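J.: Given next are the chains, with one letter for each unit.
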Amino acid sequence: MSGEPKAVDGGRRAWLGVAAAGLAGVMLAPGVRLIEIARAAPARTGGADPAVRWGMLIDTTKCAPGCEDCVTACQTENGLGTPTRPTDARWIRKIEIKEIKTGRQASVPVMCQHCAEPPCVDVCPTGASFKRADGIVLVDRHSCIGCRYCMMACPYKARSFVHEPLTDQHPDVPRGKGCVESCTLCVHRLDRGEKTTACAEACAKAGHGAIVFGDLNDPGSEIARRVREIQTTQLRADLKLDPGVRYHGI
Amino acid sequence: MKTIAETRNFWLLVALGGLVTAVGLGAAHTMEVHGHVITGMDNAVVWGLPHVFAIFMIVAASGVLNVASIGSVFGQPVYKPRAPLSGLLSIALLAGGLMVLMLDLGRPERVIVAATHYNFSSVFAWNVFLYSGMVAIVAVYLWTMFERRFNAWSKPAGIAALVWRFVLTTGTGSIFGFLVARQAYQSALLAPLFIVLSFGWGLAVFLVVQAAMYRWNDRHLPAETLARLSRLLGVFIAASLYLVAVYHLTNLYFARQAGFEAFILRDGGIFPLLFWGGYVLLGSVLPMGLLFHPRWRSEGAVLAAALLVVAGAFAWLFVFIVGGQAWPLDIFPGHVVSSSFSDGQIAAYRPTAPEWLLGIGGLGAAFLLTTIGVRALDFMPQDDLPAVKH
Amino acid sequence: MWRLLAAVLLVLVGNAAVAAEPAGRTPKPAIEPAKALTQCIAPTEVMRRDHPKMLKHQRDETVHGGIRGAAASLKGCIDCHAGAATHSVAKAPGDFCVSCHAYAAVKIDCFECHASTKGTQR
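Residue numbers (our numbering), protein chains in the order written: chain G, 1 to 250; chain L, 1 to 390; chain R, 1 to 122.
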């Protein structure tokens with residue numbers, strides 16, 4: 001580029017070439033370093049898969065009134081402790097229902113319904129309440145300011161607020177004072193590769209088989225087959241929130 | 001020139017306001033250290049007494065600016081000299097209300113997160129801008145009124161403040177209006193309802209402060225001015241009563257929420273008591289009597305009416321905010337339900353001392369700001385200037 | 001008048017200087033060595049400067065992306081740096097995170113929610 005007669009474009013092409021090469025180098029170099037560190041790390045999970053939609057099918061005809069196996073399993077798995085006061089957290093509870101006109105009774109486990117259009121996500125001012133790529137609705141406690149607007153918005157009373165300082169949290173389930181929380185579909189287990197939630201597992205182990213957990217988007221999964229075969233409803237379907245939890249028998 | 005007595009009295013008032021505010025801040029601190037378990041709020045009633053105080057102050061902050069709007073935007077001469085005081089009260093009330101709201105958060109130290117992370121489908125996120133923008137706009141508006149060479153700009157600034165506070169109060173009503181699941185709230189009517197409520201509550205606060213300032217300075221409102229302001233308050237109370245009635249009728253006849261309405265209006269114990277006795281009787285009918293009855297009207301009567309309206313406002317807000325949460329969510333329509341999480345049961349709520357102290361602390365902060373503002377700048381409405389025609 | 005002011009200032013500054021290094025106030029951080037025969041994910045100077053940024057970036061990946069077990073995961077840090085006596089990074093004043101943060105007077109709220117202990121110990 002020094003002593004030769006200038007090209008027709010005044011050396012611009014050469015300049016652009018060098019600049020592009022330099023830019024590419026600058027942009028790629030940090031990536032190269034990160035790959036180095038990542039390879040040295042322990043087994044890292046793949047993360048939330050947007051092709052998946054986790055859901056639950058609860059067959060209330062198999063739910064006995066007074067049975068709390070799913071509730072106890074959730075409390076143990078997530079380190080919640082047994083609730084005694086109205087300020088204690090409940091991620092799942094059994095609701096005994098009786099139809100007024102007919103008198104028909106049922107026992108229904110209710111937890112966060114993991115809606116496709118979650119009202120709690122719409123109202124959260126900081127975006128702490130969010131829906132993950134695989135459909136699980138979670139609270140990012142790093143951003144939660146504890147305004148409780150999501151608790152006002154939830155139609156299912158699914159969310160709890162932590163009213164006092166906590167100690168002895170489960171290492172996989174961080175939770176603390178001043179933030180809102182709810183059923184996570186045992187996201188810490190799913191991310192590790194386990195196939196089901198604590199409540200579904202406990203119900204199956206006890207022989208009731210009322211809770212089926214799986215990928216609603218996978219036509220071959222057990223839950224997808226079952227919801228194709230039997231009649232199911234969503235709670236408060238009139239609100240058009242498209243919950244990921246479906247019920248049979250109510 | 002301020003007399004020694006005036007200066008001493010000023011500092012006494014500042015000490016009083018400062019003490020009340022400090023106690024409120026102390027209450028907030030204990031709530032932060034021990035958690036909300038020391039309040040009466042739980043997983044069923046998540047917004048309690050602090051929200052009643054905060055929302056009253058925020059709605060009144062918007063409404064108190066009405067006085068200025070009628071002066072600057074609509075050109076009514078009686079209201080023009082009152083515009084600066086109205087602006088000051090707006091900022092003071094907004095500051096007090098936001099203080100209570102932010103200190104009641106589960107993690108008040110994370111207000112910075114709220115200021116830097118926004119989810120714009122949430123009314124709360126818009127409110128961060130609407131509320132802070134309100135303070136800025138009113139500050140500019142006050143400036144145009146105080147700075148002589150900018151007086152010509154006070155009308156555009158007044159219009160901007162008017163539009164902004166309509167959006168803001170619509171937002172406040174929509175906080176509740178957008179909650180689809182709660183029988184008390186899912187209504188488009190709430191935004192206009194809050195706007196009309198703000199008119200009455202704001203004017204009532206203005207009249208209380210104006211009366212206090214006049215009494216303090218041994219001055220008297222001209223009779224015609226008093227008559228105009230009291231008639232206006234009466235009209236606002238009537239309009240609010242009308243919209244509250246429409247809201248309940250809508251719930252009954254359009255949304256068919258007979259159970260909820262029976263709870264609020266007849267069976268719910270404290271809630272019907274506060275609604276009928278507090279809001280309707282003491283907060284609306286009695287003040288209207290005091291304001292419209294020709295024989296009863298006097299300076300003292302107008303002050304009493306304004307104070308009653310404020311009391312009625314607190315009663316209505318308690319019924320609206322707490323009563324709306326006390327009624328259980330209808331997860332299984334057509335069914336009777338029970339659970340260990342109080343599903344199907346009316347939730348009990350009794351506010352505790354930290355909640356009262358925090359709410360009153362917010363009022364103290366508004367009082368403190370008003371006192372200092374009134375001392376520092378000339379907010380006293382000057383009716384005897386020749387430019388003002390009665 | 002100026003001499004009096006100077007004397008007062010001298011006394012105040014002197015007090016501050018003396019108060020800065022009292023025995024037994026906030027001890028200098030004594031970093032307990034991490035798990036033997038391991039290397040941290042980055043050199044010490046980098047970690048000291050950038051660990052807030054790394055943790056903040058990682059937490060978003062974990063919470064929103066579901067990626068666990070990555071290099072900068074909090075559990076990974078705790079696994080290596082937990083103290084021998086307490087099995088924790090934040091329980092005792094000499095534990096890894098607390099000792100530096102107490103000295104630097106930078107309050108962390110991580111362990112209000114996160115367990116600070118290693119493995120399944122609670």
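In case anyone wonders, no lab produced these hints; they're calculated from the structure.
The model shown is predicted, which means the values in this text are computed figures rather than measured ones.
Watch out, some of these pointers could steer you wrong.
To be verified - FRET-style restraints, in silico, Cβ to Cβ:
#1 180/L x 87/R: 46 to 54 Å
#2 100/R x 205/G: 28 to 36 Å
#3 19/G x 104/R: 39 to 47 Å
#4 164/G x 377/L: 51 to 59 Å
#5 117/G x 94/R: 28 to 36 Å
#6 87/R x 30/L: 44 to 52 Å
#7 121/L x 133/G: 48 to 56 Å
#8 34/R x 133/G: 30 to 38 Å
#9 180/L x 22/G: 50 to 58 Å
#10 180/L x 62/G: 25 to 33 Å
#11 129/L x 100/R: 36 to 44 Å
#12 22/G x 33/L: 25 to 33 Å
#13 129/L x 61/R: 46 to 54 Å
Just so it is clear, CB atoms sit at the ideal spot from N, CA and C, and this is done for glycine as well.
J.: Each hint should be assessed against the structure and marked as holding or not.
T.: Hints versus structure:
The beta-carbon spacing between residue 180/L and residue 87/R, approximately 47 Å, falls within the hinted interval of 46 to 54 Å. Between residue 100/R and residue 205/G the CB atoms are about 45 Å apart, so this pair departs from the stated range of 28 to 36 Å. The hinted window of 39 to 47 Å between residue 19/G and residue 104/R holds, with their beta carbons roughly 43 Å apart. Distance hint check: the CB atoms of residue 164/G and residue 377/L are about 45 Å apart, inconsistent with the given range 51 to 59 Å.
Roughly 50 Å separates the CB atoms of residue 117/G and residue 94/R, a value that falls outside the hinted 28 to 36 Å. At about 33 Å, the CB distance of residue 87/R to residue 30/L disagrees with the hint of 44 to 52 Å. Distance hint check: the CB atoms of residue 121/L and residue 133/G are about 18 Å apart, inconsistent with the given range 48 to 56 Å. Roughly 34 Å separates the CB atoms of residue 34/R and residue 133/G, a value that falls within the hinted 30 to 38 Å.
Between residue 180/L and residue 22/G the beta carbons are some 54 Å apart, a value that agrees with the proposed interval 50 to 58 Å. One distance hint, 25 to 33 Å for the beta-carbon pair residue 180/L and residue 62/G, holds here, with the actual separation near 31 Å. For the pair residue 129/L and residue 100/R, the supplied restraint of 36 to 44 Å holds, since their beta-carbon distance comes to about 38 Å. Take residue 22/G and residue 33/L: their Cβ atoms lie about 55 Å apart, and the range 25 to 33 Å is violated.
Under the hint 46 to 54 Å, the C-beta atoms of residue 129/L and residue 61/R, about 29 Å apart, miss the expected range.
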